[in-house]
Amino acid sequence: MKHRGIFSIFILVTAFLYTNFAALANVTVDESAPAWLQQAAKITTPEFKKDVPAVVLRNEQSVNVNSDGTLTITTNYAVKLLTREGKHWADADALYLKSSSKVRSIKAWLIRQNGTVKYYGKDETLDRISDPDDIYDEYRVKNIDASDDADIGMVFGYETVVEERPLFTQDTFGFQGRLPAIYSRYALNLPSGWQATSVTFNRAEIKPTITGSNYVWELRDMEPIPPEPDGLSARNLSPRIVVNYFPPNSNSHVYDTWHDVSKWFVELSSASLTLDDEVAAKARELTANSKTEFEKIRAIAEYVQSLRYISIDIGIARGGGYRPRPANLVLQRGYGDCKDKANLMRTMLKALKIESYLVLIYSGDPTFVKPEWASPSQFNHCIIAVRVSAETNAPTVMTHEKLGRLLIFDATDEYTQLGDLPEHEQGSYALVAGGADGDLLKMPILPPDANKLVRDAEITLNGDGSISGKIMQKAQGQSASGERGRLKVLSASEYRTSVEQWLTRRVKGANLTKAAPTDRKLDNKFDLDIEFSAPAYAQLMQGRLMMFNAAMVGRLDQFTPVEGKRVTPILIDSSSYAETIKVKLPDNFVVDELPEPDKIETAYGKYSSKFEVAGGYLLFSRSLVLNRTVVPPSEYENVRNFFGVVRNAEQTPVVLVKK
Amino acid sequence: MITDSKEPVWNNTPLSPPSKSMEKRIGKFKLLEDGTLEGTATMEFTGHLGVYHKEYNDDDTPQQREERLKNSVKYYVLESAEISDISIENVTDPDKPFKYIFKIRVPGYATRTGKRIFLQPNVFERSAKPMFESNNRRHEVYFEYPYAERDEIEIELPSGYELENPDAPSVVKDNSGIVVNDVKISVTHDKRLLLYTRSFTFGNRPTLLFDKTVYPALKGIFQAIYQANNHALTLRQSAAAATTVNQ
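As given, the protein sequences belong to chains A and B, one line each in that order. Sequential numbering of the first sequence, starting at 1, is according to my numbering. Sequential numbering of the second sequence, starting at 660, is according to my numbering.
Next comes chain B alone, as it looks inside the complex (with noise of 0.2 Å):
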């Protein structure tokens, strides 16, 4: 309400667009052949999203704020992760965005077969869950703000493995175009280098409340979303490496 003596106004708050809220992680990765990934890793976040995890750890002590994103890895990535050189930048910083900086190794990442190894190239969302589990709902659902989510993997494969039947997923979005979920994944011409990128964006309409009607809908989007995000690729065994093996 815009208060006034003679005539408040009352108007809506507006919401800043999903790019000012924005998470992006960018990882550097090598595949070892016994399905280990290690390398480094950067989070940044910005807008609602920076607020919050400012807020989150601004009070905890370094070695708090620290086993808070081992922990989180651990949840979102694999359990067996271990984590080291972190850096945590801009805390109590308002302007400047909370950024994670880490070395990262995950014994088990990739899953080997005898011939195979499976690769989720998304290594953020390697062990997410969806985002609505529960098959019914009695309230509304509310998201707090507009969001963004943008992902920028490089994963160095092993050698004497490649690409089986390589693909990608399609593009997820709603008729509304209020989510849309974008990930792209290319190869270098070597074939040893694997590119992967994922945007995200939530609230591209000023739309943050939705009716319990709409929530199988709202459900199956983000259900897709998840299964792009987990979406793996395979890598076999070359045949010149089988050669070389058997000789």
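The shape of chain A in the complex, shown without the other chains (with noise of 0.2 Å):
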């Protein structure tokens, strides 16, 4: 979770979705199940598929916000183990930040078969760290873990009290995940003569019951959302609610606007614009030999890549989740997590008289921030922009009609070059903090031509079925990313035995005999030459005929098929591809049978394949072309027959005779 230290009180917020308490102060400890949960155990669910591990019987936050907007959260919640699988749901947690929240209670219990009831309290319960891949972190959590005593058919059931004093008057509530619910309830108990207002994501608009200052949203019978290739995140699938409250005549901390959420992040940030004589001195340094705009960009941006990432959690309480560190100190320890690296950036193109803006955005899906919500709870990475002049272009420079030129940089993604975005950033509504003039910008999509992968192959088949050959592939944008995260990732014997295994996946048998990978890191570019040799690539029948695949290596498709119908819709990327294959033919045999061209256009691609026979070779070429889009599952089976048909092209086999 490489982002998550950045925005942490997001998570806060939706794991409170999780949690919930009981009444304190009980001297004695009533170990029997309380009825709401004995009531949700006698629920008869319906059917589900066989893979659908358990349901949610009950899944019940209840929020009640003091007067001096302390909240105090209740969550009852209660899940049936369908398969063994299951288990592992019998689980309960309580986030809580050290210093500024508290766990009041957390109690659980298991309703088995029989009726029997094992309960777990305090002597069960475990108290650690969130996430123990950070060096520090405020967040804790109390935790149940009853799987080991779990089994199929039984109900496991808890209840968590939290106390806590929230950053922001605003909420949010997940109806489900991707388990089945039968009953889900919200509710947001106010002060006399608070107001709360909501929206609703991912399903038409659930309106409140309000009586008096206490609202209620609930929702019933959802159906399970089931991991599918290429699709979006579960919590961007399932229903979803998020609240602002506020006190009478008063929104304090509600925003009304992106340009207040702008306003707000512009104040908490700015003090760490901390442009020293060192940070100046080495921004310099940095940019010595740089001619252009762009280049002393990108030598900045070089430098702070290459810084380690780091996440320390500290003062989320008071914004720490979102408060970058002083440039000077992160320049001097040599580490960060994003917003201090996006900041550090920040400062030193400052040195540079370079003007730039953190940009807050949601890193995992790019469809996730929902521009009817001003909040910064929705965004849980920091990347940054940087206003530049018209001498520099590039596929990420986006123009705002205040804020200029914007030329938009994740500095976390050690494997993107400046001029590049991640793909899961492309598309997405994000934050860009220009004080007043801050706005929700979508970030730039880059044209398929801007993430391509070229493949030139020239191959020699003999007689005996045996080819030769090398391959020269040209990766560029996100392709080349991809390839040179690999590199570094891996140590040399197992970045050739990758390429080995790619290789052999359709050349069974081959020798690789050359693996020649070369990172053009300034273009953005990387390119992988091979050379192998196979012995039996081609199939030869009764001696006369002899068929072999023009389509050697790799698939075109990157497709995952699903078994039966698809539920959620299909997050398509934008790329391209181009694939010339020069194949040599043996002197004793003719073509016989060439496979079709193939030619098909649709709103997200298109793709054409071609094969032509002169002077004793076969020329076998295709494009492939893809656009950014959001499929509904509605026409998955347009998708899947789009993909079907570059699939026939890599499956139709060339057929040669003997003369």
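A portion of the hints provided could be inaccurate.
[Stated by the list, open to error] Taking lysine-lysine and the DSS-like style, the derived pairs with C-alpha atoms no more than 25 Å apart in a straight line are:
| hint | chain 1 | residue 1 | chain 2 | residue 2 |
| --- | --- | --- | --- | --- |
| 1 | B | Lys713 | A | Lys50 |
| 2 | B | Lys713 | A | Lys610 |
| 3 | B | Lys733 | A | Lys508 |
If you are wondering where the hints come from, they were derived from the structure by calculation, not from laboratory data.
Please dock the two separately framed chains into a single complex, following the hints provided.
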């Protein structure tokens, strides 16, 4: 969770979906299951597909807002385990901030099929750090894990009570995760005269029942959300409400517009823009040989990218999850998280009189941030927008009427070069923190040509079916980033093995004789040249027919079909691919059958392939262009058919016959 | 070591013969004109192979067991394979053979061109890889135990197509008789049903450890077996069918 530390408060808020509270101060503990859980356990659940591991019987969160702004959050949660995998849901978490919140109570019960109950209390509660990958983290978790005791058919339920002081008078509640849910309820109990507004995502509007200052949102009978390849995140598929609440005649800490959020964030982060002599000197040193504006920015960008990523989460309750550390401190220490890196880059650019802005974004799902709800809670990552002159051109430059031409860059992603942007951030709404001029902007989606893979192969096919040859592959943009990352993460022998595995996937028994990667980082390109031979690539039949597939390596489609009906949308990323394969045919054979050429064009992509024979050579060429599209599941069959055409070209052989 | 207070005796523990550790695969399939293959399959494992599969599956849930089978079939047959009506027998029975029975449908199983269909009759080996891929070997090669494989496959051929000069691969065996792979292919009188059998045994002599110097020869023989198992037949559109289409 590389970016988790930055806006950890968001996690705190959402984690409360799964926590709850029970009454405190009981001298004696009642170990019998509470009435709500006993009632939930009696619910007859519908039949689900056999891969559904559990069903949520009740997911209830009640938030009491006290007049001093503190919250008491009670969660009641019951889940019925349907398969052995479902045992893992017999687990209760109450997340809390060591400095500003308290878990008043956490209790759980396991109701066996024979009706007997096992109680879990203090003695079974573990208190641990929330993210073991963090150097230091104020977040902690109280946990009850009953999975070892649980089995199919049992019902696990828990109650948690957490007290906290929120950073924002905003909240969010997910009515379900991937599991089906029978009943889900969110109650907001405000002090007299306070009011709340809500927005519903991923579902038609869920209207609250309002009694005085008490609001209740409910939902029933939610179908499971299965994990599907090339899909959106579960949080972006399940029904969710976001809530703003405020006292009479006030809107403190509630943001009416994205400009308000921008102003808040600029105020919070501006003190970290600490440009001292050391930072300025480093900026000058890094750019000493840079001639253009782009080269200067790139020199700074590469330095900041090279700093070690370390997240230390402190001061979360006071906005520490959003506030970068002072730039001079990050420079001295040589490490930081995403907001620290972006802020250091911003400060160094300031030393060069280049203006820039921090950008809040959600990393992981480009469709997650919704413009309808102005809130810092929607983000989990920080990148940068650099104001550039007309001399700087790159696919990631966008124009804003007030902030000017902005070059968007992720200083944390160590493999994506300046002028490029990680795929999962392209097209996402992000907040460019330019004070009052700041705005929620849609990040650029790079054209397919900016994420390109070009392959050229020269192959000799012999009369015994063996082949030898070379493949020259040139990757650009995100395709190059992926290759760059693979080269960096793997050892030399591991990298060679990975190339060998890629090659032998289709060319069985291939002997790789050369694998030469070249990272052309400054051009955002990555080349790979390979040479190989294979003893029996083409199949000889009855001594007179020879059959082989002209598409020798890699699959173009990157598409994994699902069994049965697709339930969730398909996310197709922007990319392009071109391949030319030249095969020298054996002298004593002639072509008997060639595959038909293909051509298909849709809103999300186009594909074409063709075969030619000339001068003893077979020429196979094909190209694929995909446009960034979120395709609804109702159009799944069309997508499947499109990629089916691509796949067919890989599977239809060329047939040669002996002269 | 057989212990004795005066004179302990060293001896090799006996190896079970290949036939005691058998993987037997039976398939009854139908090939459709578009290259789709569908039918039922049974896979049965005895001896060491049975123990291996039981060990792998006994702690899994039924769903995990099915998932393991599906992944395995997609890997060895074809990624497009759709498996249903799965029965997994004797997972925890120490005596009876471990057994899979399932229905299978594989779109794009056979390769179609304009006038031909290329069919690999050994369905179970459709996407298998050669046992040894690397050209070099740093250490000895060790097989854990002698084992055998037996495939019995029937494929109903699509109407309108007939076998074009059908042939079968030769028997593959080494000079010492350690490895034998024997494939037999025939067709019924009406030419509609293809019958395929394959018998493979390894360890007919008690040699399980091979020095790296014999690796090229070992790789060569397993490559030959791989090619024999991947032997493909050609179905050509019959003249009658072509005439019908043309009419």
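Here is what the structure says about each hint:
1. For the given pair, Lys713/B sits about 23 Å from Lys50/A by alpha-carbon distance, which is consistent with the 25 Å threshold.
2. A C-alpha spacing of about 49 Å is found between Lys713/B and Lys610/A, which places the hinted pair above 25 Å, so the restraint is violated.
3. For a cut-off of 25 Å, the pair hint linking Lys733/B to Lys508/A stands: about 17 Å separates their Cα positions.
When each numbered hint is compared with the structure, a violation occurs for hint 2 only.
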